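K.L.:
Listed below are the residues making up each chain.
There are 2 protein chains.
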Amino acid sequence: MTKRKPIPSLELVAPVLTGKVAAIARLLTRAEIGDEEASEALAEIYRHTGQAAIVGVTGVAGSGKSTLIQRLVAAIRNGSRTVAVVAVDPTSPFSGGAILGDRVRMHSFANDPGVFIRSMATRGALGGLARTTLEAVDVLDAAGFDIVLIETVGVGQDEIDVLRSAHTIVVVSAPGLGDDVQAIKAGILEIADIHAVSKCDRTDSSKTLTDLKNMLTMNMSCQQRSGWSSPVVATSALDGQGTVELLDHIDNHLAFLKSSGEITARRQRIAEWRLLQSAEDLLHSEFVKHRDGRLSSFTQQLMSRETSPRIAAKQLVDNIFRENRS
Amino acid sequence: MTKRKPIPSLELVAPVLTGKVAAIARLLTRAEIGDEEASEALAEIYRHTGQAAIVGVTGVAGSGKSTLIQRLVAAIRNGSRTVAVVAVDPTSPFSGGAILGDRVRMHSFANDPGVFIRSMATRGALGGLARTTLEAVDVLDAAGFDIVLIETVGVGQDEIDVLRSAHTIVVVSAPGLGDDVQAIKAGILEIADIHAVSKCDRTDSSKTLTDLKNMLTMNMSCQQRSGWSSPVVATSALDGQGTVELLDHIDNHLAFLKSSGEITARRQRIAEWRLLQSAEDLLHSEFVKHRDGRLSSFTQQLMSRETSPRIAAKQLVDNIFRENRS
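Order-wise, the sequence lines are chains F and A. Sequential numbering of the first sequence, starting at 1, is according to our numbering. Sequential numbering of the second sequence, starting at 1001, is according to our numbering.
For the record, the hints were derived by calculation from the structure and aren't laboratory data. A portion of the hints provided could be inaccurate.
Derived DSS-like pairs: lysine-lysine, alpha-carbon spacing no greater than 25 Å straight-line [to be verified]:
{"#": "1", "chain 1": "A", "residue 1": "1005", "chain 2": "A", "residue 2": "1020"}
{"#": "2", "chain 1": "A", "residue 1": "1289", "chain 2": "F", "residue 2": "314"}
{"#": "3", "chain 1": "F", "residue 1": "258", "chain 2": "F", "residue 2": "289"}
{"#": "4", "chain 1": "A", "residue 1": "1258", "chain 2": "A", "residue 2": "1289"}
{"#": "5", "chain 1": "F", "residue 1": "20", "chain 2": "F", "residue 2": "5"}
{"#": "6", "chain 1": "A", "residue 1": "1314", "chain 2": "F", "residue 2": "314"}
{"#": "7", "chain 1": "F", "residue 1": "289", "chain 2": "A", "residue 2": "1314"}
Note that the structure is predicted; figures quoted are calculated from it, not measured.
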């Protein structure tokens, strides 16, 4: 039996652009593993992006954000728009489900071509989570999905980088997680465009809502500067309370960005982040190439305390890029 | 009134090495803000490191890891050893406490010179969390603390990088957080040298203990390869149950690393990580320098979709390092 040659990534671009699911899935996998062969195709994909509304949804584990996203996906479909979900939350049932086995999945959408769900591996990746996630978002954007939701737990620099690449950021808080407003603790209060409080069927949710609103009042000054005042939406996964309202706020926020011209600043910030992420990845791959060679001599010097990490790094980077030039 | 000139960082090295608290605190701040002036001093500090036992303690928010650390600090002091805590967990009361105001602090240790506690800022840092944290650990190591505890929530690449720089990693799980073993979900099960289950005064903790032990049995093959079998310790912050046992396991693990020679592999891995972190930071600072200049022209090209992030990053890096050379 001869092994079938894989389809060149460049040949996947055309079917991705017409929304072919198999091609999308395949290109996503190649983006995720950082396949060098795919970089030309991803560059081509990038040229066709910029149409989708990119919405980041974040909240700590147990905040109910995954269930809220399910409701949100249903609401988007009810309005006949298409939606893709990229889960980069290691605690998400979408990405964590494969291990625990008994988690909620998005079964109800399995036969709907207007919904695409993808979980990104967060383990073992030598850097690159942010870049590969954003390349996945590119593929789904270019494939024509109206809305791309990025689900993340919002802790750690990588995840915050991913969030910063969204047009609209929804932060999900929940009552009874040991603290009233978890978003503050995670340091993501100030990046929220919209606050959703989940589990509002619970009696202790009113305290969470009040605390959050008070907190926002205190922070009012910085909000008014941008002209957008982040709404607080009470939601419940039990009866779907607040889902339509949340979607309305998401739409309103994008409309606000466009009408105020703020969208340009945001797009510029996103482009800058992408550039930084890609450069970091470039550095990583150069390092991996040299791991057994000159990298190891620097490592030895560090272990014997002959040099310091900053000095050694400077010499090594200098070394690698000089060689690339000659 | 003339403004007093700050003490040059290099002059702080000698008092840090003799354990002077004011000098330690000052150098930590300069390391944290990434002060270029401090880099020579930090290089000198690095030469005096390698004596402390570096212990990473991780667990999701609400796992009770902060309370466990308080107990652990007390146990270490009972044994007359000195200990420093570096909190890089954005959900930690040590770092998050400043905002919420009403959180538990380590008041009881405030007058004990054998304990030093430092929380690292995780917000606003353009990269660099891992590097600055490890430089803080260097300062405390060189200052002569016997044990340096690094507290992190263990989610996100940055935090996992920090953990990988510890000699011993303790993963804290708790009953009743919506999932039985949160560590698995966060993908950190396999990096644990020791498992601690908190809140074992609760009746539902036995299920957590059993689940965790079963999970470890399934993973036995990879553990036996290294010769160390990760113990599971039942702890309770209420009565201090398991704290002494946990400290014994930490000591045993370090003894195992030394007797098995495994410590060399671990030190090599740590040195490699440090090198990568520092190189990344170098790249970041070069980028920041060029933000208003050539960086912005690449950003413009990205926004207009004339180029892709990977291609633009390659050109920019090439550009920056070529100029540095000439």
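K.L.:
Look at each hint and say if it fits the structure.
P.N.:
How the hints compare with the structure:
1. 1005/A / 1020/A: holds, 20 Å
2. 1289/A / 314/F: holds, 16 Å
3. 258/F / 289/F: Given pair residue 258/F, residue 289/F is violated - Cα atoms ~44 Å apart, limit 25 Å.
4. 1258/A / 1289/A: violated, 44 Å
5. 20/F / 5/F: holds, 20 Å
6. 1314/A / 314/F: Holds, because 19 Å separates the two Cα atoms, which is no more than 25 Å.
7. 289/F / 1314/A: holds, 16 Å
When each numbered hint is compared with the structure, violations occur for hints 3, 4.
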